[in-house]
Amino acid sequence: MHPAIQGLLTIIIGVSACIGYFYFSNVFLDKVLFPARGRHAGRNINRANMVRPWLFLFPALAALSLYLAYPVFETLRLSLTDRRLDGAFVGLDNYRQMFSEQKFWEALRNNFLWLLVVPALSTTFGLLVAQLTDRIKWGAVAKSIIFMPMAISFVGASVIWKLVYDARPEGADQIGILNAVYIFMGGDTSHTWLTIPFWNNFFLMAVLIWIQTGFAMVILSAALRGVPEETIEAAIVDGANPFQIFFKIKMPQIVGTIVVVWTTITITVLKVFDIVFAMTNGQWETQVLANYMYDKLFRASDWGVGSAAAMIIMLLVSPILIWNVRNARKEMK
Amino acid sequence: MDNIAGQKSSLTWAVHFSVVVLVLLWLLPTLGLFVSSFRSADQIASTGWWKSLFSQEQNVVIRAEKPDQQKLLDELYVIEGNLFAQDGAVEGDVSVWGTSSKDISAYAAGETADLGEKGRLTVEVNGDYRFVNDTEFTGSRGQRVFLTATTPPSFSLTNYKHVLSKESGTSSMSKAFFNTLTVSIPSTIIPILIAAFAAYALAWMDFPGRALLIAFVVGLLVVPLQLALIPLLKLHLQVGIGKGYLGVWLAHTGFGLPLAIYLLRNYMVGLPKDIIENARVDGATEFQIFVKIILPLSFPALASFAIFQFLWTWNDLLVALVFLIDSSGDTTVMTRQIVELLGSRGGNWEILATAAFVSISVPLCVFFAMQKYLVRGLLAGSVK
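Residue numbers (our numbering), protein chains in the order written: chain A, 1 to 333; chain B, 334 to 717.
This is chain B alone, in the form it adopts within the complex (with noise of 0.2 Å):
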């Protein structure tokens, strides 16, 4: 028995193991971008993102102040401040400093460097340092100091203000959120109606042809709709829809209809005849029934449903590139301005992870949220 406990345990620990390494093996590339829009241009481009979570050692280079700003005190020349306190330079701990680049650890923190006729430079953990001369400093620049500093963690929101912003270049990136707001809120509710309607009619009213259909509905679950860009965007220039939210509103409508149906029939199947039958022996109208009884019932069904055809009009690329983006970009959505910006933009992974988090957001948050219809909806639309 004891051989067969020890067995189990270690293949426990085996689980445990494999679960830890394909969990991090899915989370570690979104992490990464997400980290990575916290961080400034030079951040992302000096250290892999992973090395930002830790404090890190760096070198920089910083002069001191310039002998314009030396005071004199009890006869002595002195120069004074605080070296990371200069324009944007980084913020950290002294453990090492040195005034030539040959040798850029000869003193540390709190030692005084006598550089003869030059002065004594003493430099403290904190960054301050405090340069003296018995005569007066000359020249026009400041001394150099090479400084190993360690960096604690550094993060900012500064990317998503600049993204955001309408000041800059990338403006169209809120306009762009918003866009795409439009875009899937009508695509979402208007094909829930249609195919409630006709789900309905295909679960619990008996006509002939019902199940030819049924089948022509499971035929038009996989068509490509790929097939159906040329053909109807022919069709929205002929009617005059042209290119605009009208005509990616109603494609997305005609797109999402087979699944919606699909769905939404599988469901409505299931709910309990007693109660329908009970309603038409009362007199009900069909009408009525679908109404106070049907729509009511199928609610996680619909839910479900609405959150696959958000996520989906909301991800969407190909749809919007055909029917909605016209050639003045007013309307365009997110996923296009981010193709934009990795073509355009490729090196600039602040923007990029930025733009890119931002449109990822309202998704997740919806994932997140609703993860349980999310799953029902699944189960319910593949497995029988």
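If we strip away everything but chain A, and leave its shape as in the complex, we get (with noise of 0.2 Å):
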């Protein structure tokens, strides 16, 4: 069958199976299981109302248990086991061989390096380009621009990217539009920039900090546009200037925004892959712990190593998910 159809009947079969799921369920309860008639219509009608939120929920329940929650205990008790040996338990082993492999420690460092930079910086960007575009007419127009490159795939982005980074033999005229700069600008001679160990990693950097800084701007500039005119008008009254008024008067009226913009793309940094896989493959030492993983996993057909990685990007997560968790149960309250 062609893939096509294939697809297009699944769409059809998906939503008719989820649309008659729920349609029947509630049917059955109300009908036939607690029926609102006879002699217990009123218990009835109280159960079911009871049962019919896990109606709802069943669907969503079980796939956020299975293609979620299953797999962070399932790759913990992989990531004590050997696949070789059949399975069998190996303690911390696969622990051991990972903490003594330089490749990791490369790895560590540069997720390190990741985290400090592009949320700090997409952050930044974000924030100048929200409170500069605020006040100007084309500012619609510019803040569009900028907000673009969240559509682009990172793979497309890599692409993009590679081509800004390409460099030509000196003498040659340099198709790449960096080391065109960097010549016109009196630099010596081209350099290929994804290969210059340490650095390169910033280079990869800059990709991810063009992609987020439209999302860090989207949500920076409504907070900007949220912040009582009154605040700022006394401000103006008692003479500030603007640069006071940025920073004394918006800033801290919006920093809760700031922190969930920064969180926010530190999951998105911690979990990258597309970047480093399409541009270096994790060579010049760039690696980073999800291509490490991957490598891992798909490579070298280690699934104990590979968990392990994976592990360690939960518990750098984990301190995230902790703090959501608690603000989302303080907002219940």
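Derived pair list, reagent style BS3-like, types lysine-lysine, alpha-carbon separation capped at 30 Å:
#, chain 1, residue 1, chain 2, residue 2
1, B, 705, A, 137
2, B, 494, B, 508
3, A, 271, B, 705
4, A, 137, A, 250
5, A, 31, B, 606
6, B, 606, A, 330
7, B, 508, B, 567
8, B, 567, A, 103
9, B, 576, A, 271
10, B, 508, A, 271
11, B, 451, B, 399
12, B, 567, A, 271
13, A, 250, B, 705
14, A, 31, B, 625
15, A, 248, A, 137
16, B, 384, B, 494
If you're looking for bench data, these hints aren't it; they were derived computationally from the structure.
With the hints in hand, could you dock these two chains into one complex?
In structure tokens:
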């Protein structure tokens, strides 16, 4: 069968199965299981209403448990076993092996670099653009252009930036804009930027910053709009200059939003895979955890160490997870 | 007062200037690839894309017609033609030219060079030339002419035809396009329905454990999908789904649900309470309330999530690599094709740029058409 027809069929089957499930399970509940008539009408209505939420929730909960909750524990279990020994329990051997690998520490170091740089710069640029475009006429167009990379895939962005970083031998016309600008500014010779250890990490980060700034901008821009007008007017009357207004009046009022943006980008950074995979594949000391894990899982077929690496990513995410859950619970009350 | 006014205008100027710089910084990389996708391989490799937007001077070597093309006119042997008319040569305006590599700018356009017994050669601005001699031209090769020509910007759709056509070596690109579509549309539609029902229950139904479930969803929101790869691949292989579309649809549905439930619940909680309670009093069942009231009212949130999920599934590489693409390679998606091209033909910018743009164009259209909903969704998901 042609995949497109198969896709169409899946949509039809999936959608009608969903609707059918919800419709008939409700009918079953109301008409057959707890009919709202007869001697126990009142009790039956109450019982039906107690069961109904779970009918609505069941498919989602089943999918969430199977596709996200269960894998956390299964990965933990796999990280303690060895595939070559038929899944025998080996304790912390996989972790020990991973910690003895140079590449792992390189990946961890790079991940921390990414964590330091990308959220900070994306948020800063986002805030800058949000503030600058707030009062100018063509601000909406400018925002739209800076927001655009959000729609571009990491892989597409990697191609875009590979062209920016492209290097031609000395003497030839440079076709990468970075080398062209570098030589125009008086640089001695062209560089293959992505092969300069340590600094190449920053060239990779630039891609993610380029993508994430739009996200930060949209949210911070809304937050800036939400700052009460009176506080700003009062500051102007008191003779504050634009910088004071920004740093002393606006910033403190949107600090909560800045934290949300920061953490959201942090999570994206921890999972970054495509950019490194497509641009350097971890060569020249640019390895990151997600790509290290992919290497272990699908190139070396070492599920134990791969799972251990995944657990490290989970470990790094968990403070944010706990913080988010706490916040959500606080809001509920 | 003058002082303050002056400061203000200089500040406004600075603001405009910095926004222009930022916009250029953000636009140029994409523009570069876009322009490159319309240039030939030679053009891309020889000059930077930013130069292609303007006319440029180029030095080229072209041979005139061979002596066997000569005609006898008024007792003169003549070879005539246009230098640019030859196979695939650049077109442009000749400014200066020469017949020796040592002095390529010996003559201006329109001048006649006397080459002694070899003849007299005239080259016009448009590339027309006339080579005359009193005696018969000999030899087997045409006269070499060194031209300095100003070529106008030239772009073509050749790359797109090449990348999308079935015959070429990159034929899988058009197949990959449809594969990607096949992956992303069901993966967008299915989770919406499931999530909408769950979000309604979490927003408007009262039952024990609701707060706990919301916390559960918020927690899952940040679980890295890397953790899910191996356990789920194992599971898919065990239950017989294997690698293929069904697996990737299920995986995308599972991974998209936390955000979908979270976004939709946040939106539904904000819907007016009166409408729902009035409907309940009037005897509507929960199912009716959901279908007739909640779903239509939540359209903006549904649209936001649909866009997110579509962009995410269209742009995804990792999930497709793990759950979809098998060794036959029939089910490859575009992101995967581009990574392959980057690896094997990293220097073929004309193919790479075009392939990348074919893949980027769909999300970009969605982005510009539905930006409003995208922004709304982002705000609902992050700011409370």
